[in-house]
Amino acid sequence: MSRVLNAVLTHVPPGEIARSVAWWSHVAPADSLLIVHGGPEAEFGAIQSANKVHVPAARLRTTDHPRERQSYTEAYAAVSEWMCGRDFSHVYFAEFDHVPLVADLNERLLGRLAAERADMLCHGLRRVDDTGWHHYLYHCQDPRFHRHWETASVREDRRVVLSMLGTGAFWTRQAFDAVARGREPFPMYHEIYLPTLAHHLGYRVRGMADGEHWVSNLGDFRGRIRKARNEGAWTIHPVKSLAGLRWGGG
Amino acid sequence: MKNFLLLKIRALGLAVARLFASDLTDVRTGEKIGRALLLPWRGKIHVIGLEEAVKVAFVPQTRLTFWKQEIGFSAHPVPDFPHEPRP
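Top line first, the protein sequences correspond to chains A and B.
Going by our numbering, the first residue of the first sequence is number 1, and it counts up by one from there.
Going by our numbering, the first residue of the second sequence is number 1, and it counts up by one from there.
Isolated chain A (complex conformation) (with noise of 0.2 angstroms):
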């Protein structure tokens, strides 16, 4: 029996978290929800959640998120940590603007991760050692950088680097705390750094192909959301505020 844990990580005030929390009740029982919280530990005791962990990571605020190599390590671990003794087999990890747009949102990612045979899907997934990907060429100027996956991988291919965006991504609980596990030798960028980890911890990792148009690091789809519907998105990214906007409309 599969149970998925929605991990949603967020720093906005309490008002907006409550908002998040309204909008994902359709999509998961309360028990399934947990608030990440990285935001100012005063604000913390304010969220009406009926699960939420504070992480005070400095690397998780970042505001040039590449250059300052954003890190959701430490999100990651204590997601891990706060699973354990309970009974999730899957985690989905989305950031507060990573909203939802399907009842049965867990359903659908299951049947994708069978679908797909993998342990891991990710928006953006592309393979880019030995490109001119800018957050590859940002790391592999450290000498440390492919050292580190020649000494960590259990692959063959040693080299392979991977990329995503890491706004949303859906794993089996082995998968992911495995990498909640990890500690980074050296700071690196979570959308490098987390798909490769897993890949080279010999986890299949694959791209949620659906719908990826409306999953962008830039702008904001707020006024988007029922176009988004209606083409059959799943989820849609970036939606700064879900203030004025209900649960089926848009």
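In short, the hints are calculated from the structure, not lab data.
Incorrect hints may appear among the rest.
In silico DSS-like links for lysine-lysine, alpha-carbon gap of 25 angstroms or less [claimed, not checked]: (1) Lys68(B) to Lys44(B); (2) Lys32(B) to Lys2(B); (3) Lys240(A) to Lys2(B); (4) Lys8(B) to Lys240(A); (5) Lys32(B) to Lys44(B); (6) Lys55(B) to Lys44(B).
Position chain B relative to chain A; hints supplied.
What follows is chain B alone, placed relative to chain A:
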């Protein structure tokens, strides 16, 4: 404000560069894999406006020529690696 202006100038520069950019074709598949302005400058080739993950290499030649070689582009296939259990 300064950052906003810099971003606007960069966007304008990129828009102009894209007017003069060339399509990049995958030397293996023949498919278009991106678009960029290529500028030789001080012993390097500067690639401006490229948005895809593209590899660069000299293209193998069916005819031996001493006076000309080609630099071509290709993209990795979509990642499709099997699950590989730890030893």
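Checked hints:
1. Lys68(B) to Lys44(B): Distance of about 18 angstroms is within 25 angstroms: holds.
2. Lys32(B) to Lys2(B): Since the Cα atoms of Lys32(B) and Lys2(B) sit roughly 37 angstroms apart, the hinted pair is violated (cutoff 25 angstroms).
3. Lys240(A) to Lys2(B): holds, 24 angstroms
4. Lys8(B) to Lys240(A): Judged against 25 angstroms, a Cα distance of about 22 angstroms means the pair holds.
5. Lys32(B) to Lys44(B): Cα-Cα ~23 angstroms, so holds.
6. Lys55(B) to Lys44(B): holds, 15 angstroms
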